[in-house]
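Novice: Protein chains in written order, with our numbering: chain A, 1 to 64; chain B, 1 to 490.
If you're looking for bench data, these hints aren't it; they were derived computationally from the structure.
Glycine residues also receive a C-beta, built at the ideal position from the N, C-alpha and C atoms.
Incorrect hints may appear among the rest.
[As the list claims (entries may be wrong)] Cross-link-like lysine-lysine pairs, in silico, DSSO-like; alpha carbons within 30 Å at most: (1) Lys478/B - Lys2/A; (2) Lys69/B - Lys312/B; (3) Lys2/A - Lys115/B; (4) Lys100/B - Lys55/A; (5) Lys2/A - Lys100/B; (6) Lys261/B - Lys2/A; (7) Lys355/B - Lys2/A.
[As the list claims (entries may be wrong)] Some chain A residues close to chain B (C-beta under 7 Å, calculated; not the full set): (8) Thr8; (9) Met15; (10) Leu16; (11) Gly31; (12) Thr50; (13) Asn60.
[To be verified] Per the computed footprint, the stretches of chain A lying under chain B, defined by three or more beta-carbons under 8 Å from a beta-carbon of chain B, are: (14) 20-26; (15) 34-48; (16) 51-58.
Each chain is listed here by its residues.
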Amino acid sequence: MKPLYFLTLIPFIGMLGGAILFNRETPYILGMPFILFWIVLWVMICSLTTAIIYKLDPSNKESE
Amino acid sequence: MGIAMFIITAFLLLSVYLGIKATRGKDMSIEEWAVGGRGFGTIFVFLLMAGESYSTFTLLGASGWAYAKGGAVYYILAYTALAYMISYWLLPPIWRYAAKHKLVSQSDFFASKYKSSVLGLLVSIVGVLAMIPYLVIQLKGLGIIVSETSYGAISPNLAIWIGMIALTGYVMVSGVHGSAWTAVIKDILVFFIVLFVGIYLPFHYHGGIQSMFEALNTQMPGHAIFAEKGFSISWFVSTVILQTAGLYMWPYCFVSAFTAKNATILRKNSIMMPIYTLMLLFVFLIGFTAILQVPGLKGADSDLALLRLSIKTFDPWFVGMIGAVGLLSALVLGSLLLMNSATILAKNIYPLFSKNADERKIGKMAKLFVPVLSLICLYYALKDSSSLNILFLTGYSLVTQLFPSLIASLFKNNFITKQGASVGIMLGVAIIIYTSMTKTTLATLFPSIPSYVQDLNIGVIAMLVNIISMIFVSLVTKNGEIKQQEKQAS
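Chain A on its own, in the form it takes in the complex (with noise of 0.2 Å):
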């Protein structure tokens, strides 16, 4: 496991962490209950996360 990968870490404590906090309707954001948006929002970071870790590996210059 390399320390690189513990920046996978950082989602679960956003998005969980944030839904205890903001289990609320308003304000909308987007037209969506806000709580609705803080997931979306963290899904997109799921993805960003991934590609930052992907850009910063060195497993991936190995051809396989």
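Following the hints, position chain B against chain A.
Specialist: What follows is chain B alone, placed relative to chain A:
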């Protein structure tokens, strides 16, 4: 035949044709049949895995949950995205080991890693136990879709028969190549249809997404967020963590990683897959709009929310397109489940009873198990049985119990022994089965503890018992082994 039925039939024939065409010029060994000869590129692996997350059950079930349970449904979005993200580091080592040892099933993996065919058998039983009810539910979903979109011309039972025959023939002929090709048409369809319907409905009925949610909040305050009790935040957090661990423990998901040509494909996929789960958002919107427009669907009927609202809103030809999406989703996931269960039975259980089982015979047996399994599922799908729903809900918790010993096996110095892994899985599974049969929850066990503890998913207990007993038994058996080695040395 109505126009809706005509469209659905056309898509069924197209997918069968593609399935047959996909195998042309390939020697269908079991490796080719079950894991596509490990030759799939980024797009195919993506579509296979995405196909797994977009089943009929997701389409009907997720909109139905939004309809009946409200905000609790967000958990599906959360755990699929997180699970796809961790697949970045979870799947490549699994792929590498499987490719090196030419494995074709999840049970192979456990049996080979822990050098124990008994553990392989245990994993097989857990996997098939979890998958059969899931397959039955796919069939039932298929029945609902076809009969609703035929405007009652085809009864659900007849639809189940047609679906099962198509599915069986298709799986026996083409294997995983067919599933991947059907997934291509299906995903293009799902993408446009779900996106369009999910945006169109709230705008058509309420003039916008926010005004739809506001109307919902006036009529049912708090429906679109997590509840105070029951499906509360602590239920959400505990369930998301458990299911994130569980997603790739489904034997058919686990094996879809085997189909990749190399490990980089799996890493590349983990970038796009979380974003792709946002499609679920539009399924939720359909379910929420349906509460206001087709109210009064109770219990299991809430699964009809999407179809009832579509029929109310759209022309028959478009209802046919929606039906086709449902049908193809059921075919992709159904074929993967069926193929995987058959491979496990042939590869990991049959050789234990037949001494002269060679590669060719196992391949033949796998295809023979397909119609046998189909008939079993057909029986349960036609017979109305609510206990299957209980089994399905626990299917996820069952396969999740494989997670601790899988993770342990990926470490270089794995101190978990085969006994430890087996005891952990058995105890975890036993607790899951017991609690779901008796409907035990933390609230019934401990009526006086605070509600945020009561709402925790009971799977947490099973998981803790699993991990603790796994470590404890491993330490005991490891010491035994060392002593034995010392004895032999002296």
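Novice: Decide, hint by hint, whether the structure agrees.
Specialist: Hint-by-hint comparison with the structure:
Between the alpha carbons of Lys478/B and Lys2/A the distance comes to roughly 27 Å, so the proposed pair stays at or under 30 Å and holds. The hinted pair formed by Lys69/B and Lys312/B meets the criterion: a straight-line CA distance of about 22 Å does not exceed 30 Å. For the suggested pair Lys2/A and Lys115/B, the alpha carbons sit about 27 Å apart, so the restraint of at most 30 Å is met. Simply put, Lys100/B and Lys55/A have alpha-carbon atoms about 26 Å apart, close enough for the 30 Å limit, and the pair holds.
Between Lys2/A and Lys100/B the CA atoms are separated by roughly 22 Å; this keeps the pair inside 30 Å, and the hint holds. For the hint pairing Lys261/B with Lys2/A, the CA-to-CA distance comes to about 23 Å; that is within 30 Å, so the pair holds. Only pairs whose Cα atoms come within 30 Å are accepted, and Lys355/B paired with Lys2/A is rejected, the gap being roughly 43 Å. At about 6 Å, the closest approach between the beta carbon of Thr8/A and any beta carbon in chain B falls short of 7 Å, and the interface hint on this residue holds.
With 7 Å as the threshold, the beta carbon of Met15/A comes within range of chain B, its nearest partner Cβ sitting at about 6 Å, so the hint holds. For Leu16/A, the interface hint holds, since its Cβ comes within 7 Å of a Cβ in chain B; the closest pair sits about 5 Å apart. Of the supplied interface hints, the one on Gly31/A holds, with its beta-carbon coming within about 3 Å of a beta-carbon of chain B, less than 7 Å. Taking 7 Å as the C-beta cut-off, the interface hint given for Thr50/A holds, the closest approach to chain B being about 5 Å.
Interface restraint check for Asn60/A: the shortest CB-CB distance to chain B comes to about 5 Å, inside 7 Å, so the restraint holds. Remark: the stretch 20-26 of chain A is confirmed as covered by chain B, as 4 of its residues place a Cβ nearer than 8 Å to a Cβ of that chain, reaching the required three. For the stretch 34-48 of chain A, the stated coverage by chain B holds: 9 residues have a C-beta nearer than 8 Å to a C-beta of that chain, and at least 3 were required. Here the stretch 51-58 of chain A counts 4 residues with a CB under 8 Å from a CB of chain B, which clears the bar of 3, and the coverage holds.
In this structure, only the earlier hint numbered 7 is contradicted, and the remaining ones agree with it.
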